[in-house]
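Undergrad: If you want the building blocks of each chain, they are given just below.
Protein chains: 2
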Amino acid sequence: MTSPVRLALLGCGTVGGEVVRLLHEQSADLAARIGAPLEIAGIAVRRLGRDRGDLPVDPALFTTDALGLIKRDDVDVVVEVVGGIEPARGWLVEALRAGKSVVTANKALLAEDGGALHDAAAEGGADLYYEAAVAGAIPLLRPLRESLHGDRITRVTGIVNGTTNFILSAMDATGAGFAEALEEATELGYAEADPTADVEGFDAAAKAAILASLAFHTRVGAADVHREGITEVTAADVASARAMGCTIKLLCIAARGVDAAGGETVNVRVHPAMIPRTHPLASVGDAFNAVFVEAEAAGQLMFYGRGAGGAPTASAVLGDVVAVARNRLAGVRAASESAYADLPVRPMGEALTRYHVSLDVTDRPGVLAAVAGVFARHDVSIATVRQGSAGDAGTPGRGADAELVIVTHVAPDAALAATVTELRTLDIVRSVTSVLRVEGGV
Amino acid sequence: MTSPVRLALLGCGTVGGEVVRLLHEQSADLAARIGAPLEIAGIAVRRLGRDRGDLPVDPALFTTDALGLIKRDDVDVVVEVVGGIEPARGWLVEALRAGKSVVTANKALLAEDGGALHDAAAEGGADLYYEAAVAGAIPLLRPLRESLHGDRITRVTGIVNGTTNFILSAMDATGAGFAEALEEATELGYAEADPTADVEGFDAAAKAAILASLAFHTRVGAADVHREGITEVTAADVASARAMGCTIKLLCIAARGVDAAGGETVNVRVHPAMIPRTHPLASVGDAFNAVFVEAEAAGQLMFYGRGAGGAPTASAVLGDVVAVARNRLAGVRAASESAYADLPVRPMGEALTRYHVSLDVTDRPGVLAAVAGVFARHDVSIATVRQGSAGDAGTPGRGADAELVIVTHVAPDAALAATVTELRTLDIVRSVTSVLRVEGGV
Chain A
1 MTSPVRLALL GCGTVGGEVV RLLHEQSADL AARIGAPLEI AGIAVRRLGR
51 DRGDLPVDPA LFTTDALGLI KRDDVDVVVE VVGGIEPARG WLVEALRAGK
101 SVVTANKALL AEDGGALHDA AAEGGADLYY EAAVAGAIPL LRPLRESLHG
151 DRITRVTGIV NGTTNFILSA MDATGAGFAE ALEEATELGY AEADPTADVE
201 GFDAAAKAAI LASLAFHTRV GAADVHREGI TEVTAADVAS ARAMGCTIKL
251 LCIAARGVDA AGGETVNVRV HPAMIPRTHP LASVGDAFNA VFVEAEAAGQ
301 LMFYGRGAGG APTASAVLGD VVAVARNRLA GVRAASESAY ADLPVRPMGE
351 ALTRYHVSLD VTDRPGVLAA VAGVFARHDV SIATVRQGSA GDAGTPGRGA
401 DAELVIVTHV APDAALAATV TELRTLDIVR SVTSVLRVEG GV
Chain B
1 MTSPVRLALL GCGTVGGEVV RLLHEQSADL AARIGAPLEI AGIAVRRLGR
51 DRGDLPVDPA LFTTDALGLI KRDDVDVVVE VVGGIEPARG WLVEALRAGK
101 SVVTANKALL AEDGGALHDA AAEGGADLYY EAAVAGAIPL LRPLRESLHG
151 DRITRVTGIV NGTTNFILSA MDATGAGFAE ALEEATELGY AEADPTADVE
201 GFDAAAKAAI LASLAFHTRV GAADVHREGI TEVTAADVAS ARAMGCTIKL
251 LCIAARGVDA AGGETVNVRV HPAMIPRTHP LASVGDAFNA VFVEAEAAGQ
301 LMFYGRGAGG APTASAVLGD VVAVARNRLA GVRAASESAY ADLPVRPMGE
351 ALTRYHVSLD VTDRPGVLAA VAGVFARHDV SIATVRQGSA GDAGTPGRGA
401 DAELVIVTHV APDAALAATV TELRTLDIVR SVTSVLRVEG GV
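Residue numbers (UniProt numbering), protein chains in the order written: chain A, 1 to 442; chain B, 1 to 442.
What the hints contain is simulated information worked out from the structure, not anything from laboratory work. Beta carbons: idealized from backbone N, C-alpha and C, even for Gly. Please note: incorrect hints may appear among the correct ones.
Stated by the list, open to error - A few chain A residues facing chain B, derived, Cβ under 7 Å:
no. : residue
1   : ARG145
2   : LEU148
3   : HIS149
4   : ALA173
5   : GLY175
6   : GLY177
7   : ALA297
8   : LEU301
9   : ARG306
10  : PRO312
11  : SER315
12  : LEU318
13  : ALA323
14  : ARG328
What the hints assert, rightly or not - Computed spacing ranges between beta-carbons, pair by pair:
no. : chain 1 : residue 1 : chain 2 : residue 2 : range
15  : A       : ALA330    : B       : ALA239    : 52 to 58 Å
16  : A       : ALA98     : B       : ARG52     : 32 to 38 Å
17  : A       : GLU39     : B       : ARG47     : 41 to 47 Å
18  : A       : THR14     : B       : ASP286    : 24 to 30 Å
Claimed, not checked - Quick partial rundown of chain B residues pointing at chain A, CB under 10 Å, derived from the structure:
no. : residue
19  : PRO276
20  : THR278
21  : ASP427
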């Protein structure tokens, strides 16, 4: 058999440990699929001597010198599962420039500075694979960057953060508020002690940037992504959504648009939104992930699976390892970054969205006319209005409270936001009880 | 720019016409993604002079001499969308042996004699891609043959035939019988004039063979697939399923098993089955397709989208065209067939399945004991029994009819079938009203 393909593993936590375990358990299968055995040349960790359970690996392979390991002549492929920007960036740039293939699960780095990695890969003639960076085990990046290359993707809508999906699913199921649902998620291990990256949408935003880059052949970074988390989502919002036949999900959305001059643009954003319960994404529960892709010829596609966890992430890492190992044996390099389209990324204010707005209003004649006038002034057209009494059932008595639920047609997000701001100033509006974007064709 | 990659298109029906249209509309994007323009060298059709609408292509490109076109020196890639075994097999073997890359949507040929194509591809050092052959536009084969190569797939369960899914969805929604639902499907263009290939499961069986080959690194042909269609599914079956919180789908299932000696085996089958309404496949309605994949590390994955139609199929074909064109420019060949595992394909009788059996029985003491005895004699253990009266609500009067609904645990299919056969011979069993396999963890 051919001489082995040798891996440097950077990081040996939950995912790294699973990678080691799978490499060991499936070594015969992997060798058959690649045409050569895989061997671990070394494992870089922060601290030696830590108890690593019964990891099936020679303890002599551990080192704290990651850079030294990467530079060794007998290392062909570098697998990075450390995360974070530095020192990972320096390591991977070094490896790629030296012509070593890189497999990484580092979404933050890819979203922050993917360009640097792609440039280094081009310079060194090396492969850069990162299936595990988005939606864990779901084979998603390869379909986007290969299978759909004969088509034109118009929109990607994803549930790509398991923690927030667990929280929102719990709020939907039990009527709990955000704080209570977060507490449950923390207890069950679905949320970290500091849940900021998840609940404020940073994690989803990094993934949105990666997805948008692949879907639209355009470099999109984390800074290009409009980001809103779920901490402001209330039990009242969830109830409003339910009354509309909807559920609330934290969505990452990357969509093509058109600017005033008719030129193509891209908008990328992460925010909670109502989607109809009949939408395929609505039934994605617990900590599962799913990504809904719309393409001109292919129509609607959805990819569903586990977005996190040691074994699922390790599965994605190893799929990439098999691919880059095969490429090395064949003496070839996979298609490199495709960023030829270079579409302008437009700010959130220009994105076309729809709003669902619930208002507590004074129940007297003329209220709807006044409210509708505000929408009209901002050029926002109204799709549906539902008037009900907030407390009692429809005896419109002067001075009582009533509820007004309005769903708009699509309009620039800035116009919608300005509409809500003006609504808050009206005397007849006692409070704006819920404002949510609406997606998925309500 | 590099000199063009030239395509021979074999067939110009619904899918072929869409391929031509997409090649024309997206030529700039495709050229940018490939690094060279794509050009149509010729289009082989059965009859010249047929009205092809406003297809954006030079009429001089049409020819009836497919083999002559394939052999031309200026043809790099052969795209086959004719279907059927011959003459397609001869054409593609010729092309592959001559080192020309082949993209085909021909599931029947791949299932009948995929080995001949893979062998010819290896001989000629050419690429053989066929994403469009299974589940139309859903990127499925590439994930199976690449993304999940670091994992161990244990089971693939798919809804891969749109016609039968439309019919079963209609039966579930309206309570209609098979004949009525088929008539509706025919009227709406979801079923062909001769629906045999769809309703008898031949189409799904071909796709099952292709999926099993990829999932288990083993050559599986159409003849290896146990096949049952949906023509025997009755409105009573659908009602029984509904009572169990289930729906009926025509599933293709490829599963790992273990033989008596502990060796690994594969079982591949197509048949209608009850699945719980909470299963991700249950909500796949109308003519949509979806494939549910279970892998040891990745866990549960699902791929969903349109399984047929000109544009979705053409999208998959073009995705493959981009891949093979890139490979040609890079002077490389994709990973070839992976059939190293060569697992034995075992017959249906040995597959582990579960049955749901509804019986009309004489309502008298001892009936359950007698029925349970039959299951026990065949070593089939019973998971649940529900006794109800068939007509009235539970006044067990001697001589009246009662209904007995039994769901088994898993057992070899042969034992389950033999159990049902013996049940039919019992005096106390007036009729076996419904027998259905159960999948998806009821």
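Undergrad: Please write out, lowest number first, the hints stated earlier that are contradicted by the structure.
TA: Of the numbered hints, 1, 4, 5, 6, 14, 16, 17, 18, 19 and 21 do not hold.
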